[in-house]
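Sequence positions in the sequence shown follow my numbering and run 1 to 253.
Rather than coming from a laboratory, the hints here were simulated on the basis of the structure. Do not rely on the hints blindly, as some may be mistaken.
[What the hints assert, rightly or not] What follows is a list of derived Cβ distance ranges for each label pair:
{"#": "1", "residue 1": "His219", "residue 2": "Arg101", "range": "31 to 37 Å"}
{"#": "2", "residue 1": "Arg242", "residue 2": "Ser186", "range": "26 to 32 Å"}
{"#": "3", "residue 1": "Pro91", "residue 2": "Thr182", "range": "38 to 44 Å"}
{"#": "4", "residue 1": "Lys169", "residue 2": "Gly107", "range": "35 to 41 Å"}
{"#": "5", "residue 1": "Ala246", "residue 2": "Glu175", "range": "45 to 51 Å"}
These numbers were taken from a predicted model, which means no experiment stands behind them. No residue lacks a Cβ here, since even glycine has one placed at the ideal position from N, Cα and C.
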Amino acid sequence: MNLRDLVYGLYARRVEGRLDHAQVPKHIGVILDGNRRWAKASGGSAVEGHQAGADKISELLGWCSETDVEVVTLWLLSTDNFDRPEAELIPLLGIIENTVRQLAADGRWRVHHVGTLDLLPARTQTVLKEAEEATAGIDGIIVNVAVGYGGRQEIADAVRSLLLEHSAKGTTFEELAEVVSTDLISEHLYTRGQPDPDLVIRTSGEQRLSGFMLWQSAHSEYYFCEVFWPAFRKVDFLRALRDYAARHRRYGT
Numbered sequence: 001m002n003l004r005d006l007v008y009g010l011y012a013r014r015v016e017g018r019l020d021h022a023q024v025p026k027h028i029g030v031i032l033d034g035n036r037r038w039a040k041a042s043g044g045s046a047v048e049g050h051q052a053g054a055d056k057i058s059e060l061l062g063w064c065s066e067t068d069v070e071v072v073t074l075w076l077l078s079t080d081n082f083d084r085p086e087a088e089l090i091p092l093l094g095i096i097e098n099t100v101r102q103l104a105a106d107g108r109w110r111v112h113h114v115g116t117l118d119l120l121p122a123r124t125q126t127v128l129k130e131a132e133e134a135t136a137g138i139d140g141i142i143v144n145v146a147v148g149y150g151g152r153q154e155i156a157d158a159v160r161s162l163l164l165e166h167s168a169k170g171t172t173f174e175e176l177a178e179v180v181s182t183d184l185i186s187e188h189l190y191t192r193g194q195p196d197p198d199l200v201i202r203t204s205g206e207q208r209l210s211g212f213m214l215w216q217s218a219h220s221e222y223y224f225c226e227v228f229w230p231a232f233r234k235v236d237f238l239r240a241l242r243d244y245a246a247r248h249r250r251y252g253t
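Sequences and hints are given; from them, build the entire structure.
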C-alpha cells in the first residue's frame, strides 16, 4: 500500500465514521459511466474498460450492504448502446452476462432485470431470466440490472401494458380515461413495487440523466462525480452519501 492509498483509507474511515445511517438513501440508482474513457486514459481497449467497470460492481454492492441501502439500480446497457459497433457490443453483452451470473451466484443479492427483453439476444435474455428466478427467494439487497434500458421506452412499455391489461378486462377507453393515474401507470413500470430512487449517482463528470429512470427520479437527489466508473472508490461513494444526507428534501412543498 502506497502513501496515497493509506491517506484515502484514513479519509474514507473518517467520512464513514461521521455518516448518519438514518439518513442513508434506501434506493440508489447508478449510471456507470466512463468505462471507455478510463480505458483510453490507461492505454487499454474499450472491452478492457467495460470489464474493469464490471469488476467494480461487487465492491459497490459491498459498500451498500455496509450502509443499509435496500435497492440498487445499475445501468449496464442503454437502448442507445445498441448503435455501437459489433466489435464492442458483442463482448460487452458477454461481460454483462457474466456479471449477472456472478451476482446471482453470490447468494446475497436479489437480481431483477429492468429493460426490454425483446431487444436483447436470446442468450442474454436467458441469463437475465435465470438470475431473477434463482435469486427470487433471497432476502438481501434488490439489484436492478438495467440492460436494454431506456427511460422513454419504459414509460411506453408501461402504458402499453396498462392498455393491454384493461383491454383484456373489456374496459372501454372512456372507462380507462376516468381511472388512469400516475399510481396506475407506476404499477406497470419495470420497478413496480419498489421505492423510487432517493439518490442517483453518475460518474465520469457528465451532468445529465440520459433518460435514466425518468418517471421514478422525479424527486430524486442527483450526485455527479468526476471520476470514471472503474476508478470509483469507497470514499467517492461515502462522499455521495454524505452529500445526500446534508440536503433537505422538500418534494415540492
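Going through the earlier hints one by one, which of them does the structure break, listed in rising order? No hint contradicted; all consistent.
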